[in-house]
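J.: Modelling step: build the complete structure from the supplied sequences, incorporating the hints.
The listed protein sequences correspond, in order, to chains A and B.
Numbers in this note's numbering are just positions in the first sequence, counted from 1, shifted up by 19.
Numbers in this note's numbering are just positions in the second sequence, counted from 1, shifted up by 175.
Hints should not be assumed to be uniformly reliable.
Here chain B is said to cover these stretches of chain A; the calculated rule only asks that three of the stretch's residues, wherever they fall, bring their Cβ under 8 Å from a Cβ of chain B [to be verified]:
| hint | region |
| --- | --- |
| 1 | 430-441 |
| 2 | 444-453 |
| 3 | 473-485 |
Taking CB as the label site, the calculated pair distances span [as the list claims (entries may be wrong)]:
| hint | chain 1 | residue 1 | chain 2 | residue 2 | range |
| --- | --- | --- | --- | --- | --- |
| 4 | B | E363 | A | A426 | 47 to 53 Å |
| 5 | A | V272 | B | F427 | 52 to 58 Å |
| 6 | B | T370 | A | G465 | 50 to 56 Å |
| 7 | A | R309 | B | A461 | 22 to 28 Å |
| 8 | B | P426 | A | R323 | 34 to 40 Å |
| 9 | A | A426 | B | P426 | 27 to 33 Å |
| 10 | B | D467 | A | E83 | 42 to 48 Å |
Simulated from the structure, these hints should not be mistaken for laboratory data.
The beta-carbon is built from N, C-alpha and C at its ideal position, and this holds for glycine as well.
Listed here are the chains, written in short residue letters.
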Amino acid sequence: MHDVAVVGAGPAGLAAVDVLASHGARVLVVDEQPRAGGQIHRQPPATFAAATVPAGRALLAVAERADVDWWWRTAGWGVFGGHAGLDDFAGSTPADRADGDGPMRLAVHGPDGARTVRPRAVLLTAGAYDLPVPFPGWTLPGVLTAGGVQVFVKSAHLLPGRRFVLAGAHPLLLVVAAQLVAAGAEVAEVLLVRRPRAGALLRMLPAAAGNTGKLREGGHALAVLRRAGVPVRFGTRVVRADAGPDGELAAVVLAAPDGTHRTVPADVLALGYGFVPSTDLARQAGCAVRYDPAAGGWVVTHDRWQRSSVPRVSVAGEITGVAGAEQAVAEGRLAALGLLADLGLVPAPRIGRLARPVRRDLRRRRRFATALAAAFPPPAPAPADDETVLCRCEEVTAGTVRAALRANPHLRTANGVKLLTRTGMGLCQGRSCQPAVCALIAAETGRSVAEVGPYTARPPIRPIPLGTLAGGDP
Amino acid sequence: MYDVAVIGGGLLGCAVAYHLARAGTRVVLLEKDELNRHASGQNAGSLHFQLEYRMVADGDAAAERAARALPLHLDAQRAWAGLAAELDAPVEVVQHGGLMLAETADELDRLRRKASLERRHGLDVTVLTGAELTSLAPYLAAGVRGAAYAPGEGKANPRLVTLAYARAASRLGADLRTGTRVTALTREAGGWRLTTTPTAAGRGARTDGVRAAAVVLAAGVWTAELAAMADVRLPVVPVALSMTATAPTTPFLPHLVQHVGRRLSMKQTSDGNVLIGGGSPAKFRAVDGRIDLETAPELRYESLVGNADAARVVPAVLRLPVLRCWSGATTLTPDQLPVLGPLPRRPGLYAATGGSAFTLGPTYARLLAETLLTGEPSLPIDAYSPARFGFLNAV
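T.: Here is the structure:
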């Protein structure tokens with residue numbers, strides 16, 4: 020029996036676990052990865068013992084706690100019974116529950132198959148993923164996300180190619196490019212769609228107090244790239260990716276600000292347009308979301324203790340808005356404090372005192388994140404060509420979506436388009452195509468993305484073998 | 176002033192609008208959300224013309240009563256076969272036959288009684304066992320003792336059918352208004368006034384309401400509350416269900432598979448996904464202690480397990496990944512027959528809803544349109560008349 024099940028062992032989750040377990044809460048952590056750290060502190064396998072993870076070492080040490088249950092390679096794929104509904108007489112009745120169990124169930128799938136747990140509360144800290152921006156050729160082998168390239172370099176100590184072009188809108192590109200240079204890769208160029216807004220950059224300076232780590236990281240990356248002679252260009256965008264005779268990426272066609280095209284040979288194109296909050300499990304659980312383009316798209320709403328709209332489901336980190344690891348840590352701590360009070364594990368006045376410094380820290384982080392978002396706004400999505408594949412799972416093109424909207428003029432929502440065209444119905448459950456499809460529907464129907472809505476998130480949010488469901492819980 | 180206002184943008188509403196528009200009627204369709212966003216688009220697309228599990232689970236008398244809809248089953252079996260050509264749109268109708276399975280001696284006995292009842296009503300259905308069954312359906316588990324085979328059964332694509340009807344209706348001049356909620360039905364000289372209010376899904380939604388000589392209530396689970404606006408009580412019961420879809424795989428399951436002893440329907444779509452449904456329940460959300468029909472029912476973990484368990488009769492599915500599970504709501508009546516026809520003492524007011532309204536939808540819609548246009552449907556529909564619930568209505 021667990022007081023809290025934490026889904027996601029990244030910065031927010033680890034910070035929360037530390038606070039929860041230190042105050043005697045019985046905690047279960049599930050994470051799809053084999054080790055703690057999330058995307059940001061992704062650890063190399065144990066064989067790379069010499070490798071260092073400079074940031075977040077203290078945080079990673081949390082994962083050594085023996086008083087916490089760690090279920091690695093385990094996906095949380097559904098939250099059931101979270102809503103105040105009618106009593107469920109068909110199997111989830113109070114009599115079935117162990118003493119102290121909550122009415123809510125978290126369904127997980129790991130090396131031992133599928134099962135459910137009944138924690139008293141759930142904390143969702145699922146983080147974020149790279150924003151996919153479709154263009155002709157984006158599905159070619161060799162076109163990767165900057166985050167994906169970083170995983171290769173940081174976690175496997177491998178270079179996924181020889182000659183790299185990095186393109187997008189996010190300053191992370193500079194950091195990844197510098198890591199690639201340091202690992203001995205040839206980086207042809209780094210392209211940012213827009214020059215950072217100077218005024219916004221200036222406003223970052225006062226907001227940077229306490230956030231100097233991030234600025235230092237960016238400055239260091241620029242210095243590395245300058246020394247290595249890697250051009251960093253602003254205003255240049257990717258037009259398309261071309262395949263070579265082997266069907267893999269061979270060249271990237273770029274458009275300069277004046278509109279002229281040129282072709283750059285490369286075997287890896289790493290894209291970093293920004294990040295999308297991983298809200299799927301939260302949305303499946305029924306948590307309310309709102310659309311906040313500066314924070315990465317749909318974000319889970321929460322109160323001042325990080326509680327979502329669903330009772331006993333709290334949220335922390337990037338799923339409440341993309342803002343970086345430091346803010347995630349602060350939110351994780353705050354969520355943990357809120358849960359300790361809600362579950363009656365620590366008296367409320369004491370929680371109030373403990374929360375004060377965390378709130379101060381969080382305010383500072385939020386100021387910086389807001390300033391950073393203003394300096395590097397996610398690109399306004401360029402309308403995709405009809406031939407461009409939006410949903411790579413079901414191979415649905417932008418042209419198919421446009422044709423569906425034209426033939427069925429009542430269609431107004433992402434869910435309506437999904438049902439008719441199958442976009443978002445594939446293995447990734449729409450994580451990949453949702454931003455582009457919603458933007459396209461909004462553009463074609465003259466509505467806002469907020470009105471178009473996200474896809475309904477359905478369990479299992481990651482595919483699980485049907486056989487592991489049959490027979491019920493072990 | 177319209178000749179007919181149809182309330183409900185599901186399969187039935189769009190199909191009724193299509194048939195009326197084709198006959199030259201001035202018809203308006205009012206839907207509070209988008210088209211096809213509720214039961215018509217959420218069901219798993221079975222074309223099941225045998226009596227379902229729920230109709231034969233409660234003894235022979237109930238089965239006999241439910242069998243009174245079999246003439247509609249026979250009509251629908253023909254209607255689906257010609258639908259793609261009629262609407263000039265792909266609707267992915269496949270009628271390669273359906274099997275209703277029995278795993279125990281008792282179930283096999285029930286299957287035989289069911290088949291004989293259906294044959295009396297003219298349905299082509301045969302009980303197969305042993306090698307005959309194995310050669311027809313080698314994918315079945317060894318524990319399956321027999322199956323009733325109806326060659327006209329199959330599947331259609333619920334993602335496509337309603338919108339195909341809607342586009343055809345629109346081409347013929349029907350006025351389709353989405354995002355338009357009807358909030359009052361008022362009898363006035365020469366017909367009805369429908370008060371409307373725009374919703375978030377609105378497209379060209381207007382607030383000025385609609386006037387029509389006749390009104391068709393084809394609103395699924397909302398039919399009862401619409402009828403109540405005209406002070407008529409209809410006993411239609413919303414039932415929340417859950418469905419499961421697997422990842423696509425190579426074609427191996429040409430038939431619709433059902434089970435006579437439990438809730439199960441299974442089929443493989445033309446894209447290769449296996450859809451599992453057939454009645455595993457979901458749970459209506461409650462707001463202030465009352466069922467909320469406006470939010471999708473909540474999926475129950477037990478139903479996901481139930482769908483997976485039911486699928487054990489086709490072992491190949493056990494290794495397929497589950498892609499998603501979803502919920503929907505269907506509309507049933509106490510006697511499991513549809514509600515189809517004019518409402519008594521409400522001139523010009525008609526209803527069309529009730530069980531199996533996807534499978535039987537094209538037939539319900541055509542018969543209701545014929546009733547409106549000529550007063551003489553091509554099949555008798557008296558047995559399904561809302562008048563059988565007249566005892567609920569004093570005025």
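J.: If a hint holds in the structure, say so; if it does not, say that too.
T.: Going down the list of hints, with the structure as the test:
As drawn, the region 430-441 of chain A meets chain B at 8 residues by the rule of a beta-carbon pair under 8 Å; at three or more, the given contact holds. Beta-carbon proximity to chain B at under 8 Å applies to 4 residues in the region 444-453 of chain A; the threshold of 3 is reached and the given coverage holds. Counting residues of the region 473-485 of chain A whose CB lies closer than 8 Å to any CB of chain B gives 8, which reaches the minimum of 3, so the coverage claim holds. Remark: the range hint 47 to 53 Å for E363 (chain B) to A426 (chain A) is contradicted by a beta-carbon distance near 37 Å.
At roughly 43 Å, the beta-carbon separation of V272 (chain A) and F427 (chain B) lies outside the given 52 to 58 Å, and the hint is violated. Hint check: T370 (chain B) to G465 (chain A), Cβ distance near 28 Å, so the stated range 50 to 56 Å is violated. The supplied range of 22 to 28 Å is met by R309 (chain A) and A461 (chain B), whose beta-carbon atoms lie about 24 Å from each other. Between P426 (chain B) and R323 (chain A) the Cβ separation comes to about 54 Å, which falls outside the hinted range of 34 to 40 Å.
Between A426 (chain A) and P426 (chain B), the C-beta spacing of about 28 Å keeps the proposed range 27 to 33 Å intact. Look at D467 (chain B) against E83 (chain A): about 46 Å separates their beta carbons, and that is inside 42 to 48 Å.
Comparing the model with each earlier hint shows violations of hints 4, 5, 6, 8; every other hint is respected.
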